[in-house]
Amino acid sequence: MFKGGFIQNLPKIYGLYTGGFLVFILLMAVLESAGVSAASIGIMFVAFTVLIYALIGYLSRTIQVDAYYVAGRQVPTVFNGMATAADWMSGASFVAMAGGIYFGGYTYMAFLVGWTGGYVLVSTLLAPYLRKFGCYTVPDFIGTRYGGNLPRFCATLVLVLASFTYVTAQINATGTIASRALQIPFELGVWVGLVSILMCSMLGGMRAVTWTQVAQYIVLITAYLIPVFWMGSKLGNPFPHFMLGDEVQRLAELEASAGLVKNSAADIKAAGVPGGLKYISNPHSAVPAGGMAVWKYLSLAICMMVGTASLPHILMRYFTTPSVKSARKSVAWSLFFIFLLYFSAPMLATLSKLQLMDPNLPTAIIGKSISEVQSIPWVQNWSAVKQVFIADFNGDGILQLNEWFMRGDVVVLATPEVAGLPYVISGLVAAGGMAAAMSTADGLVLAISNCLSHDIYYKIIDPKADVRKRLIVARVLLVVIGAAAAYISSMRLTSILGAVAWAFDFAMSGLFFPLVLGVWWKRATKEGAVAGILGGLISGTAYLIYVGPKFMANTPWLGIDHLRFGIIGASVSLVAMVVVSLMTKEPSAAVQKMVDDVRVPSGRAILGKQH
Amino acid sequence: MSNKDSHWMKTKNHMMVTLAIWFFFSIVIFMFGESVNQGSFLGYPLAYYMSAQGSLAAFVILIFWFANKQEKIDDEHGYGGEREDD
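Chain order of the listed sequences is P and S. Its first residue numbered 1, the first sequence is counted upward by one per residue in the numbering used here. Its first residue numbered 612, the second sequence is counted upward by one per residue in the numbering used here.
If you are wondering where the hints come from, they were derived from the structure by calculation, not from laboratory data. Even for Gly, the Cβ is constructed at its ideal location relative to N, Cα and C. Just to be clear, a hint being listed does not mean it is correct.
Calculated pairs, DSS-like style, for lysine-lysine (alpha carbon to alpha carbon, straight line, at most 27 Å) [to be verified]:
| # | chain 1 | residue 1 | chain 2 | residue 2 |
| --- | --- | --- | --- | --- |
| 1 | P | K593 | S | K623 |
| 2 | P | K522 | S | K623 |
| 3 | P | K550 | P | K296 |
Derived Cβ-Cβ restraints for the label pairs, each shown as a range [to be verified]:
| # | chain 1 | residue 1 | chain 2 | residue 2 | range |
| --- | --- | --- | --- | --- | --- |
| 4 | S | G654 | P | L340 | 19 to 25 Å |
| 5 | S | F634 | P | P377 | 48 to 54 Å |
| 6 | S | N614 | P | W521 | 19 to 25 Å |
| 7 | P | G19 | S | F634 | 40 to 46 Å |
| 8 | P | A252 | S | D616 | 51 to 57 Å |
| 9 | S | E645 | P | G275 | 29 to 35 Å |
| 10 | P | P463 | S | K623 | 32 to 38 Å |
| 11 | S | N679 | P | P11 | 20 to 26 Å |
Input sequences plus hints: build the corresponding full structure.
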């Protein structure tokens with residue numbers, strides 16, 4: 001199956017796979033109606049999908065450098081788009097995004113604009129040129145364009161910092177989902193998640209990760225869209241994306257009549273609300289007034305967009321296409337596949353909010369008596385694991401909007417239950433969340449270990465190493481990095497989304513301008529690049545420590561808080577890079593010719609096939 | 612002007628036009644979020660709609676358009692080779 005005709009047979013293979021997965025869902029539905037317990041169905045969903053990924057990982061094993069680092073540069077455009085979409089959509093996108101919109105409303109949706117708009121930058125400024133370059137890793141480009149080991153080393157530093165912040169959150173998410181579905185403790189769940197991730201990537205590197213990511217995309221998008229459409233039809237909107245205008249306005253009415261009350265921190269503490277649980281205090285669709293609110297929205301969107309264009313695990317996906325042309329097209333397909341999930345998330349948030357708030361619906365809980373709400377089975381289940389909480393602040397025995405606390409993840413994970421969909425859908429959602437977190441974690445762990453094995457070990461420490469040795473080093477690093485990330489996430493240091501936004505800020509602080517100017521500005525010099533990378537990284541990190549709520553917690557300048565520190569880092573990076581470049585000698589004729597060649601979309605890659 | 616230079620000039624202009632459209636959908640609309648939200652589309656308040664779907668869809672269409680037009684520019688200058696032999 002994986003010989004000669006594999007690439008030509010891809011549509012058939014993944015068509016069969018999708019059909020098989022749908023049959024599996026039906027089979028689970030039949031088992032459920034035959035009386036198999038919800039817990040066993042959850043276990044089967046997660047275990048079956050993870051085993052399939054492991055099988056794909058095993059079948060894609062390789063002993064070639066080219067296949068290990070860039071999947072042999074033969075991944076077709078559309079499939080690379082799917083793999084990138086899975087690589088991109090993390091546990092946070094899948095599990096936490098709808099919850100974020102549920103609580104944050106319009107303000108939170110800056111993330112949606114940022115996480116899609118960034119692909120315009122990837123496509124216009126970077127992906128086609130990096131593909132033409134023919135590099136294996138992002139620091140490989142920096143190291144060759146600017147010359148010398150120092151820029152390469154600095155870029156590696158940023159890559160490791162950004163990707164590592166991101167990967168702990170992903171392994172944390174795999175742990176949460178595995179522990180819930182398989183009913184094991186969280187700490188054990190993290191290690192189960194890690195083993196699943198390594199099974200997908202260790203034997204085949206980028207090649208294995210590519211083909212498992214395509215499989216994971218199919219699972220995650222199915223798992224996200226089925227509940228949205230099902231719930232939509234239940235409420236009389238078979239295609240919710242275009243039919244929820246009235247519902248959004250209804251929410252505004254309900255908010256107005258219920259009143260968006262802000263609880264005081266002292267009240268929340270006195271009531272004993274468990275950490276991480278939130279209540280609705282932001283309007284769903286209204287735009288908050290004032291220039292500061294606008295700036296907060298725009299600055300978050302800018303950080304996410306520029307960060308997207310600097311994240312190495314995304315950029316490296318475009319190294320795997322056969323040509324520059326297909327790299328460019330592949331970015332468009334990636335965004336299309338991402339869009340399918342992202343434009344559904346607000347609809348999911350709207351539907352689940354309405355179900356809890358609208359007194360005309362049988363599922364409503366706001367405005368009912370608290371004793372009645374506490375007897376609802378799903379409220380009991382999620383209260384038991386401290387994911388929802390009721391605090392009767394005014395003591396009237398009726399549940400008000402500000403008295404209902406919930407963890408954001410519950411919006412995706414519990415909505416099927418709330419809407420009264422069969423349990424098979426909850427099992428499907430768990431499998432989808434697992435696929436989303438695993439695929440991103442795979443891409444990140446591979447980005448770090450490829451970079452350390454190629455840029456640090458092979459290019460700097462031991463340039464004479466043979467292929468066998470290089471691939472052994474790459475695999476050992478993969479395991480070590482995965483284990484380190486799993487160890488850190490088993491200690492539960494930070495909430496999923498805080499850490500995810502930081503990864504974008506780190507990446508944009510250190511990498512955006514050195515990458516973009518490397519292609520678009522011939523005058524950019526080695527010294528300038530080093531100044532840009534280090535200046536951005538150091539100033540950004542210093543600012544994070546200055547404002548970070550868990551660090552020095554100072555008042556942010558101009559509303560630039562710890563989620564937006566990349567604004568500071570990237571600005572410093574740009575200024576430092578331009579000033580130092582202009583102060584130093586212009587790059588040699590050979591380097592300028594190299595930049596010229598990068599700009600021509602056809603012809604040979606700058607770096608050879610084996611380098 | 613050599614073929615290479617005119618190709619690069621057209622590529623640069625195309626990049627700037629694309630980024631101008633991107634800037635409109637990602638920044639300009641939301642700069643005026645409050646007044647944009649007075650309008651409505653399919654019954655949704657407009658700024659909410661753009662943030663939830665509209666701008667996202669605009670980006671998808673924009674990147675496909677960008678890629679197709681860039682391919683045309685490449686073909687015109689004889690750089691449209693399908694595969695490279697690296």
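40 to 46 Å as the expected CB spacing between F634/S and G19/P, which holds or is violated: At roughly 43 Å between Cβ atoms, F634/S and G19/P fall inside 40 to 46 Å, so the hint holds.
Is K522/P close enough to K623/S, meaning Cα to Cα at most 27 Å? holds, 14 Å
Could you check the hint for me, namely that A252/P and D616/S are 51 to 57 Å apart, CB to CB? The hint (51 to 57 Å, Cβ to Cβ) holds, given that A252/P and D616/S are roughly 55 Å apart.
Has the given pair, K593/P with K623/S, been kept, meaning a C-alpha gap of at most 27 Å? holds, 18 Å
Regarding F634/S and P377/P, is the given constraint of 48 to 54 Å on their beta-carbon distance met? holds, 50 Å
20 to 26 Å as the expected CB spacing between P11/P and N679/S, which holds or is violated: About 22 Å separates the Cβ atoms of N679/S and P11/P, which means 20 to 26 Å holds.
Please check whether N614/S and W521/P have a Cβ separation lying inside 19 to 25 Å. Hint holds: Cβ distance 22 Å, inside 19 to 25 Å.
K550/P paired with K296/P [C-alpha distance capped at 27 Å]: holds, 21 Å
Assessment of proposed distance window 32 to 38 Å (beta carbons of P463/P, K623/S): Holds, at about 36 Å.
Kindly confirm whether 19 to 25 Å is satisfied by the beta carbon distance between G654/S and L340/P. holds, 22 Å
Is the distance from the Cβ of E645/S to the Cβ of G275/P consistent with 29 to 35 Å? holds, 34 Å
Consistency with the previously given hints is maintained throughout, with no hint failing.
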